[in-house]
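S.K.: Chain A is fixed; fit chain B onto it per the hints.
Protein sequences appear in the order of chains A and B. Numbering-wise, the working numbering comes out as the position in the first sequence, counting from 1, plus 137. Numbering-wise, the working numbering comes out as the position in the second sequence, counting from 1, plus 5.
Fair warning: there could be bad hints in the mix.
[What the hints assert, rightly or not] In silico lysine-lysine, BS3-like type, Cα no more than 27 angstroms apart, as pairs:
no., chain 1, residue 1, chain 2, residue 2
1, B, Lys18, A, Lys469
2, B, Lys43, A, Lys543
3, A, Lys178, A, Lys149
4, A, Lys255, B, Lys11
Everything labelled a hint here was simulated from the structure, so no lab data went into it.
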Amino acid sequence: MNEKFENICRVKNNSATDLNLIPVYTYSEFSDLALNLLTKKENHCVNYFASPYKNGLRFIASIADDTAGDIILLSHFLASSEPKQLNSLTPKITALHIFEREIFENYGIAFKDHPWLKPVRFPHDRFDRNLKVNDYPFYKINSHELHEVGVGPVHAGIIEPGHFRFICNGENVLHLEIQLGWQHRGVEALILEKKQLLQRVILSESIAGDTAVGHSLAFAQLIESLGDIKISGQLMVERAIALELERIAIHVGDIAALCTDISYGLGANIFAILRTGIINYTQSWCGNRLGKGMIRPGGINLPFTNEHKKRLLEVLTKFEFQFVELAHRTYKLSSVQNRFDDIGTVNEDLIRSIGAVGMAARMANLNRDIRSSHPFAGYIQFPIEPVILPKGDVFSRFLLRRKEIKRSIAWIRNILANANFDTPSEKPVNEIVLKPDSFAISLTEGWRGEICHCALTDDTGNMIFYKIKDPSMHNWKALELSLRNLEISDFPINNKSYNLSYCGYDL
Amino acid sequence: MLDEIKIIIHNGKQFITDPKNVQLPEPFRGRPEISTVKVDENKLVELCPVSAISANPVRIDLGKCTFCGECAFRFPEKITFTTDYKLSTNIPEHLIVKEGENIPVEIDREAIRPEIKNIFKNSFKLRQVSAGGDNSAEFELNACGNANFDIGRYGIEFVASPRHADGILVTGPITENMAEAVEIAWKAVPEPKVFILCGTDAISGGIFAGSKAINREFLNRIKVDLYIPGNPPHPLNIENGLLDLIGR
Chain A
138 MNEKFENICR
148 VKNNSATDLN
158 LIPVYTYSEF
168 SDLALNLLTK
178 KENHCVNYFA
188 SPYKNGLRFI
198 ASIADDTAGD
208 IILLSHFLAS
218 SEPKQLNSLT
228 PKITALHIFE
238 REIFENYGIA
248 FKDHPWLKPV
258 RFPHDRFDRN
268 LKVNDYPFYK
278 INSHELHEVG
288 VGPVHAGIIE
298 PGHFRFICNG
308 ENVLHLEIQL
318 GWQHRGVEAL
328 ILEKKQLLQR
338 VILSESIAGD
348 TAVGHSLAFA
358 QLIESLGDIK
368 ISGQLMVERA
378 IALELERIAI
388 HVGDIAALCT
398 DISYGLGANI
408 FAILRTGIIN
418 YTQSWCGNRL
428 GKGMIRPGGI
438 NLPFTNEHKK
448 RLLEVLTKFE
458 FQFVELAHRT
468 YKLSSVQNRF
478 DDIGTVNEDL
488 IRSIGAVGMA
498 ARMANLNRDI
508 RSSHPFAGYI
518 QFPIEPVILP
528 KGDVFSRFLL
538 RRKEIKRSIA
548 WIRNILANAN
558 FDTPSEKPVN
568 EIVLKPDSFA
578 ISLTEGWRGE
588 ICHCALTDDT
598 GNMIFYKIKD
608 PSMHNWKALE
618 LSLRNLEISD
628 FPINNKSYNL
638 SYCGYDL
Chain B
6 MLDEIKIIIH
16 NGKQFITDPK
26 NVQLPEPFRG
36 RPEISTVKVD
46 ENKLVELCPV
56 SAISANPVRI
66 DLGKCTFCGE
76 CAFRFPEKIT
86 FTTDYKLSTN
96 IPEHLIVKEG
106 ENIPVEIDRE
116 AIRPEIKNIF
126 KNSFKLRQVS
136 AGGDNSAEFE
146 LNACGNANFD
156 IGRYGIEFVA
166 SPRHADGILV
176 TGPITENMAE
186 AVEIAWKAVP
196 EPKVFILCGT
206 DAISGGIFAG
216 SKAINREFLN
226 RIKVDLYIPG
236 NPPHPLNIEN
246 GLLDLIGR
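Excised from the complex, chain A in its bound form:
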């Protein structure tokens, strides 16, 4: 065992690794190593996928060591001649459930003893084409005293589709199961099919439009590491400013949405207006309110200048005063506290077990923030300290947003005070030759949490596999668990308090 650990492959965030340097273990060695690593608190699995490779499937697990800032790569191989069955690791490490489900759905690998081996997103290239999106096997409880409530895929409002199935005892929710897949557009397959770099970037901006910067940044970093392209420190800082603006805008919009759901009209209206100021600033920088067109591999079309800096300071000063004033009022209102406090609580152990990331982890005392554990872009030069709250209820999710907004503003101010933008950053690179036979991984911290993109190239440098993970992949489970033993009427505020992505999950 120790011998195995000595040869272990450790890489850094945003790196490309020769595929031959990633050790291929037998499945039993792989299982031992993965389980051993994942029982340690500093480690969590950021991705585990299978990719068609030569005459079978190559499985690669990327395990982040948050203390050392490393990513540990483990792999195993299953030849197409071997039986499509493996022992599930989920009974020991719950957080792996979603990755094993995804592999099962895509390739028909039966994970023995997996407690919840169900479809994930009904992709067009799924293994079992006979299984339709309407056939999801929901959990059932046979009792005359219980009833089921089904909602969706089309919901009451301007929102993406998903199906929520509640099992209730009167008003109380015993169990909630969320079925997704309605939004599946085949993004991963399209990234491979569309060969032009620009097409791929635009696809990455469309993974989740509310996280256009977060996802396109992960894509750009991944391509830069595969193409061995170094970018300037100034561009790294600009990208991080864009990412923080996205965080501020969406967080304040989510607080507005939470106020809407508890009928706090002043908060609902004014927080929403405050968001406009931030996204309009983003538009005045890159031409699009959601930051589409901002991030490009190797450079930026519309660089951040001293003029942008001056205006950003003005926008933030005005925003901060109004935000702090209203957020303080909202925080102190007993009617708000009454609706948020102790609602939808999930504790640290539960959150850790399901592998929650980002906001959903930090609101329950679990420190998961790629910006500080595996720094990228501007966070290398200008570190940022995560906000951690202990309680894990709707109130914490509201408060975390409030505190993160203030921290992001302080962080941007610090940069603007220390960095100058006299000379514009470099222009984007239009064509990039990728390293052959490589595996690349890029992690970013979008406003929802950890985003992970991985890619494999073949011996000619063609991209042969692309894997995207939105934080929602883990965090939908947190919403399901939050609803247990709550009144069904508390669903909307819980749903808003997480604001998870449908399209980011369905891909």
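M.R.: Relative to the frame of chain A, chain B by itself:
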């Protein structure tokens, strides 16, 4: 109470008084203009990630364009994006911007069915259905209802059920998995009803055109009353398109 009043005063008046006449700041990318300058047209056509540009004469199809602006960055002498945000129309041909022409995108009033103008002018309720939308068009549709854009002042509202609606507005390229749900939602709307495609993904599939995971077959069987281009469309574009459609 005093705190609340202070907050309201500090925020001031926020609504856009006349959504039909707003000057959006550059570099907002609205309606493109194509000059008659000669460039390597093949390169220009090849460059476009969604094949929205065609040559001889050079044209841009706003129903396909993702407004990434790459053509204007690389051929600034040929293509410029103006800040004109009014891009919506009921006629697909109006979505084609041609070389040397500088014509605003407009609705053809004659082509609007009379019942739309007669019935929905003062109260127009829509049911939005996202069918693979990336939550950006949805985001901007929500923004239409906020205090800045305040589309509700014109009697336009997004409602919870198709049964309450005067029409369906679709966002997203229409995924295979949502195709049936879109059709069910459409059938649930009482006559007379309106069908709107909002966002480049919905109009042409956008960057998802050709994906094996989408199914746009339903669109062959339906008459589209309004196209709202954009990736995502700006709220002012959505607002103006809807107002033009109902004749306000």
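S.K.: A separate judgement is required for each hint: does it hold in the structure or not?
M.R.: Verification of the hints:
1. Distance restraint check for Lys18 of chain B and Lys469 of chain A: the Cα-Cα separation of roughly 25 angstroms lies within the 27 angstroms cut-off, and the hinted pair is therefore satisfied.
2. Proximity of Lys43 of chain B to Lys543 of chain A is assessed by CA-CA distance (about 51 angstroms); at most 27 angstroms being required, the pair is judged violated.
3. As the CA atoms of Lys178 of chain A and Lys149 of chain A are separated by approximately 19 angstroms, the hinted pair is consistent with the 27 angstroms bound.
4. Among the hinted pairs, Lys255 of chain A with Lys11 of chain B is inconsistent with the structure: their alpha-carbon atoms are about 53 angstroms apart, more than 27 angstroms.
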